[in-house]
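J.: Sequences listed follow chains L and E, in order. Going by numbering that gives the first Met the number 0, the first residue of the first sequence is number 0, and it counts up by one from there. Going by numbering that gives the first Met the number 0, the first residue of the second sequence is number 0, and it counts up by one from there.
Treat the hints with caution; some may be incorrect.
Copies of the same chain look alike in the list, so a pair counts if it works inside one copy or between any two.
Taking lysine to any residue and the SDA-like style, the derived pairs with C-alpha atoms no more than 20 Å apart in a straight line are [to be verified]:
| # | residue 1 | residue 2 |
| --- | --- | --- |
| 1 | Lys429 | Gly110 |
| 2 | Lys165 | Asn155 |
| 3 | Lys229 | Ser169 |
| 4 | Lys220 | Arg174 |
| 5 | Lys429 | Glu255 |
| 6 | Lys229 | Asp157 |
Rather than coming from a laboratory, the hints here were simulated on the basis of the structure.
There are 2 protein chains.
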Amino acid sequence: MASTANALSLPVTRKIAVGSSDRLAPRLPSSSSVSFRLPVELKQVRLNVTSRATRVRICASATPVMDKAASEAGPRAPTIVDVDLGDRSYPIYIGSGLLDQPELLQRHVHGKRVLIVTNETIAPLYLDKVTHALTVGNPNVSVDHVILPDGEKYKNMDVLMKVFDKAIESRLDRRCTFVALGGGVIGDMCGYAAASFLRGVNFIQIPTTVMSQVDSSVGGKTGINHRLGKNLIGAFYQPQCVLIDTDTLNTLPDRELASGLAEVIKYGLIRDADFFEWQEKNMQALMSRDPAALAYAIKRSCENKAEVVSLDEKESGLRATLNLGHTFGHAIETGFGYGVWLHGEAVAAGIVMAVDMSYRLGWIDESIVARVQNILKQAKLPTAPPETMTVEMFKSVMAVDKKVADGLLRLILLKGHLGNCVFTGDYDRKALDETLHSFCKS
Amino acid sequence: MASTANALSLPVTRKIAVGSSDRLAPRLPSSSSVSFRLPVELKQVRLNVTSRATRVRICASATPVMDKAASEAGPRAPTIVDVDLGDRSYPIYIGSGLLDQPELLQRHVHGKRVLIVTNETIAPLYLDKVTHALTVGNPNVSVDHVILPDGEKYKNMDVLMKVFDKAIESRLDRRCTFVALGGGVIGDMCGYAAASFLRGVNFIQIPTTVMSQVDSSVGGKTGINHRLGKNLIGAFYQPQCVLIDTDTLNTLPDRELASGLAEVIKYGLIRDADFFEWQEKNMQALMSRDPAALAYAIKRSCENKAEVVSLDEKESGLRATLNLGHTFGHAIETGFGYGVWLHGEAVAAGIVMAVDMSYRLGWIDESIVARVQNILKQAKLPTAPPETMTVEMFKSVMAVDKKVADGLLRLILLKGHLGNCVFTGDYDRKALDETLHSFCKS
Ligand SMILES: NC(=O)c1ccc[n+]([C@@H]2O[C@H](COP(=O)([O-])OP(=O)(O)OC[C@H]3O[C@@H](n4cnc5c(N)ncnc54)[C@H](O)[C@@H]3O)[C@@H](O)[C@H]2O)c1
Ligand SMILES: NC(=O)c1ccc[n+]([C@@H]2O[C@H](COP(=O)([O-])OP(=O)(O)OC[C@H]3O[C@@H](n4cnc5c(N)ncnc54)[C@H](O)[C@@H]3O)[C@@H](O)[C@H]2O)c1
Ligand SMILES: [Zn+2]
Ligand SMILES: [Zn+2]
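Just chain L, same shape as in the assembly (with noise of 0.2 Å):
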């Protein structure tokens, strides 16, 4: 339980309206049973979002998730983080129970067709649900879907003409709404079908993964796989708003959940250390699916992926940050073969690896090093890449890596405080090779 004086304090970059120190954030016990209270009132962050295309801007701000007291008297309000980027603005909903409260969903849906796109083992689960939020009280909607195969390796060309097959089957036209229900291979499909169909109809995402809400939800970018790469076919495209029922998580795998905490715990690393602090006491909460440390811990990223993706929209530096263990991880999905671990598992272990490449580098304290540590083990993450890994299979990957530069890796590293971190270049060859060997039998 974490005591009030070292409870969050917000990062120098906001500008907030600070409440007495112990109502910024929720304060959970290991039970997640007892009620509290969010930050009553959050100033909005105006930030700047540029996609390829447009110059835009992201306003990230919060409203309060209400105390268990007023959520009995009727439906709880959703924490908001509002997405401001001009006429393409949309809000991003997360709660508990928000798939209960249809007018949520049904204030973005334009025109009367609705087609939800998700998969096999998501529609089982929730399809009823979403159509009925969809329809309830508004019988002039009607909602078709259709239901893709699960995985990663479905995230393909062939696959995604079946979201079209069945637009255009049903006839849908330019006022239709596309719904993605599942998680970031859904999100991802849906939101090119949504952006390509008839050139670019309405689209809600509906993220079901710890992973998909705090990552794909935010910053535009959908698309599909080609058989030589990741995520090579895609377009930069905006939802009408994204609605997170963190109860959605109840049903998913516990390694999914964990993988999806390795972002999270990445976005406190790389720029928000009272966020990590948060989450250091809280992340039994997080792992026992506690709706509103769940909400907080969302709502959070989201901001913070908002504000990098806003600094710099081309990635020429700052953005890359959010690859934090992604270039070491890269390396164990390829070495290790895609989908034995999954991408948070990898990303884990790299975020290990990077770490302990910063302190080799004497950039930061060994506490930081037990700090990763620590968290990772909690939320029950690898701490080091799977024993078949060889030296050689990490430098193969890496040489390739798309942040090679004239040569020279560029990798983030931690630097200084805790929240800090730097990508480049400039760094001693030997302790990456140090590092490559401490991780590798050979």
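Assemble the complex: chain L is given as a structure, and chain E with the ligands must be docked to it using the hints.
T.: The following block gives chain E with the ligands in isolation, referenced to the frame of chain L:
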């Protein structure tokens, strides 16, 4: 030969710096070897163009085509129509011999890698020339190409994947440039590929048919067909520049040339009487591929299309007027089998039918009917549907037209003076019936 008195005068919606009227347009003798001047200065016309995604501005301006005396001293300066889309503005270069001016293309190539997308017919004619233009004096640039099969039936996802395959196998990155070399099929496919590859790379259009030079290069629509319908999958995506070398039209089959002229004639009828009058006087020059006449007709067409799109991005009314003759024409294409008649041929017959109906409604003078017949004949375009078309064939296709609203088919019809049209469902059904019966056996 035109009398100077009724040579070009620009429509009232344009503000221009008026020179002496005889210098405003090329007046062409039947032989195209005599030199002349184009307008010396047109003030910029600022237009609002809004795609679904962003509000943008088109600014159409024209710079003079140099006269022949000047061209003998050096390369001919292109006519330029500037499409002003904020930070995605681009020029359309129009003129003879532009592919021999490598600097025009090279200034718009981003990065060091280029992928030319073309087809089996066009590659033997222009691939070397374009490759040379891209690389001469530019040793840092490397050019790959992909040659697609020729034909509307290959405008599909399977063939599009060949473009992605090539781009990925060539290890192109975000800084590469795709070049579309061909007609509307290649332009639409390459544009959509550029929009989707790595979520968007640079894109240059080199349209080589009249149809693509006067229509598909303006408005940003790109895409492919689905087996159940045309152009159902795509994106709004703008090029870096459009380079129209009118010399490429020298190899274009006569039928393809004429087919494109149907759209040119359409612009005159729906909104630009002066342009129509210019065409009446210069159709022979266009048919004999006089470069200056072609350049002028292409420029004026691009300006007209840009202006219409700018005034009605959502195709709620005005933009639909670009479909004059297309509802009847579409019935011909569908009923007669796609590809038997070219698109512009079907549109020509469709224009005649729309004009006939407008006359039956008492909305236009008999003289307009005669002038339309006459100009289409000059362009060697059909002035009636194929003999095998029946009233029923027309009716069944027109019943499912996108422009049917509440059971009423809205049509683009001429009304009033030359150059005026309406988009309306408010007409006497008898006139439509009479028109169909007068053009069909049964
Ligand atoms: N667009 C972006 O910016 C972005 C960012 C990060 C990741 N991604 C993409 O996201 C994908 C990974 O997303 P993911 O981790 O969500 O994987 P995923 O979509 O494959 O979901 C993981 C598994 O959980 C199942 N599942 C989802 N929700 C469930 C629920 N509520 N209950 C039970 N099972 C559930 C899925 O069916 C799947 O089997 C990758 O394709 C990656 O490229 C995109
Ligand atoms: N994007 C838009 O706004 C828009 C507008 C109008 C039409 N279109 C699309 O454009 C397509 C029709 O375009 P098109 O009429 O140019 O057809 P096309 O691209 O099929 O070209 C017609 C024929 O001419 C050949 N050809 C092209 N240039 C040549 C040259 N210089 N010399 C010799 N042969 C040449 C082609 O290989 C082809 O056989 C359709 O798919 C239509 O949907 C798009
Ligand atoms: Zn990741
Ligand atoms: Zn047309």
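J.: Of the hints stated earlier, which fail here?
T.: 1 and 5
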